[in-house]
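Undergrad: One letter stands for each residue in the lines below.
There are 2 protein chains.
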Amino acid sequence: MNYTFSDKISGLKPSAIREILKFTSGSDVIPFAAGNPSPEAFPLEDVQKISQRIFSEKPVAALQYGISEGYEPLRRRVSEYMRQKHGIGADSDSIIITSGAQQVMDLAAKVLCNEGDTIICENPSFIGSLNCFRAYGCKLSGVDVEADGMNIQQLENALKTGKNVRFIYTIPNFQNPSGATMSLEKRRAVYELAKKYGVLIVEDNPYGDLRVTGEHIEAIKSFDTEDIVIYAGSFSKILSPGLRVGYAIAPAEIAAKMTVGKQGEDVHTPVFNQMLVDEWMATCDFEGHIEKIRGIYRTRLSLMCDLIESELGDFVEYVRPEGGLFVWCKLPDSVDMPEFCKRAVENKVAVVPGVAFMPDQNAKSSCIRLNFSTPSPENIEKGMEILAQVSKTF
Amino acid sequence: MNYTFSDKISGLKPSAIREILKFTSGSDVIPFAAGNPSPEAFPLEDVQKISQRIFSEKPVAALQYGISEGYEPLRRRVSEYMRQKHGIGADSDSIIITSGAQQVMDLAAKVLCNEGDTIICENPSFIGSLNCFRAYGCKLSGVDVEADGMNIQQLENALKTGKNVRFIYTIPNFQNPSGATMSLEKRRAVYELAKKYGVLIVEDNPYGDLRVTGEHIEAIKSFDTEDIVIYAGSFSKILSPGLRVGYAIAPAEIAAKMTVGKQGEDVHTPVFNQMLVDEWMATCDFEGHIEKIRGIYRTRLSLMCDLIESELGDFVEYVRPEGGLFVWCKLPDSVDMPEFCKRAVENKVAVVPGVAFMPDQNAKSSCIRLNFSTPSPENIEKGMEILAQVSKTF
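Chains as they are written, first to last, in the numbering used here: chain Z, 4 to 397; chain F, 4 to 397.
Treat the hints with caution; some may be incorrect.
Pairs count within a copy or across copies, as identical chains cannot be separated in the list.
Heads up, simulated EDC-like pairs for lysine to aspartate or glutamate below, C-alpha to C-alpha not over 16 Å straight-line [as the list claims (entries may be wrong)]:
1. K61 with E48
2. K16 with E256
3. K333 with E314
4. K88 with D212
5. K199 with E229
6. K61 with E43
For the record, the hints were derived by calculation from the structure and aren't laboratory data.
If we strip away everything but chain Z, and leave its shape as in the complex, we get:
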């Protein structure tokens, strides 16, 4: 049979990254293409203890159906924590627990966008979100990311000229893939423009806790007096991505629609997984654990960036990120990008070509994204040396 697929899905390609990872994971290739937390960053003992406790004390609740909004104690705990610690969330907001933060983007697109509507996003941006929006038939309007975040003039232009713009999608902290962090001034400017043009903001903050240098900058959601920001949070980078637990803090009316959307997708996020996160926050030194992770990534980020400067200084341009998981490097325009990535992987280093992160699928990019959380320090050294060798062949 010749299958006919929906218009929205038929042009969609599998994530380049996930495809690269499928063929390189477990092999001897150095994984600069990944986005995985370091294996050292998992609180293994805590998880062992908590899971044992849950399955001996509350096994039936952990295995039974839950409600779509999420496990009540976790909802309460995260909302109180985010409010007290970061000023995120108001009485007019509601929280829902999602199957990873990815599902927040999915549900936002589902409840807010008709096919053909426009989402403004950063250029470059996280491929998982871009593909998710494409899978709802949305048009993507890209706004360049500068060292301090979105180009505000381009943003206003996109808001003015875009057709049925439904929301602005941004990753303000240690953006994936650019590594850029949006300044407070720009956060305020983005918010004012959203207000002015009557569009929503989806603020995706998976890496917020992974700052290794510089000063914390408050979230856009923390000054959301107009109830126009959907905030996406995640436990993937501080506890475990494999558990798939994230959350949305959003205006209550929007959260209610997202809950209806979630019922039809996966009914609810697994209860055991939510209980585990809840107990971790309740009974473990999770802020101490986050500090520990920061220490691990501080070392690796410095190491990678120092090596970029010493080994590839003449070949690449880059901005040293203040946290997150990625470094974004611009190669000379003359370099044949597919060939560069091919030679890198032939020499046992996997990198992601920048083209994967373009909102415009026909755009070109002379950048690569390098991840420093997955490879060990030894492999960062080895991999950067290999990339330096490869660069000399161009």
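Keeping the supplied structure of chain Z fixed, place chain F upon it in accordance with the hints.
TA: Coordinates of chain F only, in the frame set by chain Z:
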């Protein structure tokens, strides 16, 4: 701000059942409205042992990112088992692990349907799937369910006259909510019609293992020589719904598109949850456990049906199901249905009004759905007595 929601989501109401459950769960209301496995049906000791083993032997793999298709050992195990045991799956098929079987319906609609396309479904049918299809802007064309499954003439008519029919959605075993099981003849007829009209079939089989009387009937997927059937399986009713692990066995090209869709929704189903299911199948007497569950439900189904006959015989019409979780009762046409359900819950018995299961949201129904897996035998007796009392007030 006045929010504008997508056309596809704005008419959608939260699942009546999940709303009823939210307000009655944990209370002293007898839960005939639920669809939860009996707490006695969870293999608690197995789960305790396995989870401890996973978190002590493979903790990093359990917490790390996985691939979207699913955990390889589980994919292999389920596909071999379904092939050997049920003749389900061919070389041209591929398996993906999903976040509950609900996600199979979601991904099928996402990859196959444009807004406005038609899905043929049973009338009545599972509200979770109907709402999921509505959330993709699909039109639902209902075909009446008879004691032996879909009305075949109506089905052919729907196929002839429907506009852009993309697939037939059916629950052949112990259908939710009707309890009806489709005969082998009708399964073959549905398959032949799908072939004739060039449409796909989504065969949803969450209750297949819960047969308590009569003979097993082979799945439509088992005679799918044309690669037109997407089979949805689930561990929710035999192991745990809270873990959210299901799967699709589908023609490889469709499964590949569903995988791309899944990447944008939740990246992958939690790895620990998949490992747990895999180890359960590998190391425990899971077929023995299914037999045990059958025993529990056999007793409750008989008890409920006997009481319907003795206590409500003059009031309701029904067909005794051969398995599953539900009994579907037709009340006299003269009964004011919302009032009946209201009086039932006031007297501490929650039931689901049949109207929740209609593909046509404006249709009426004089039926109620009763669940016998969640309440204890004592509560089944108590609840049926109350319903008998309530029926006398009409």
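Undergrad: Now tell me if each hint is right for this structure.
TA: Okay, the hints, checked on the actual structure:
no.	hint	result
1	K61 with E48	between (19 Å within a copy, 12 Å between copies)
2	K16 with E256	between (33 Å within a copy, 13 Å between copies)
3	K333 with E314	within (14 Å within a copy, 77 Å between copies)
4	K88 with D212	within (12 Å within a copy, 48 Å between copies)
5	K199 with E229	within (11 Å within a copy, 55 Å between copies)
6	K61 with E43	between (29 Å within a copy, 14 Å between copies)
The structure fails none of the hints (numbered hints given earlier).
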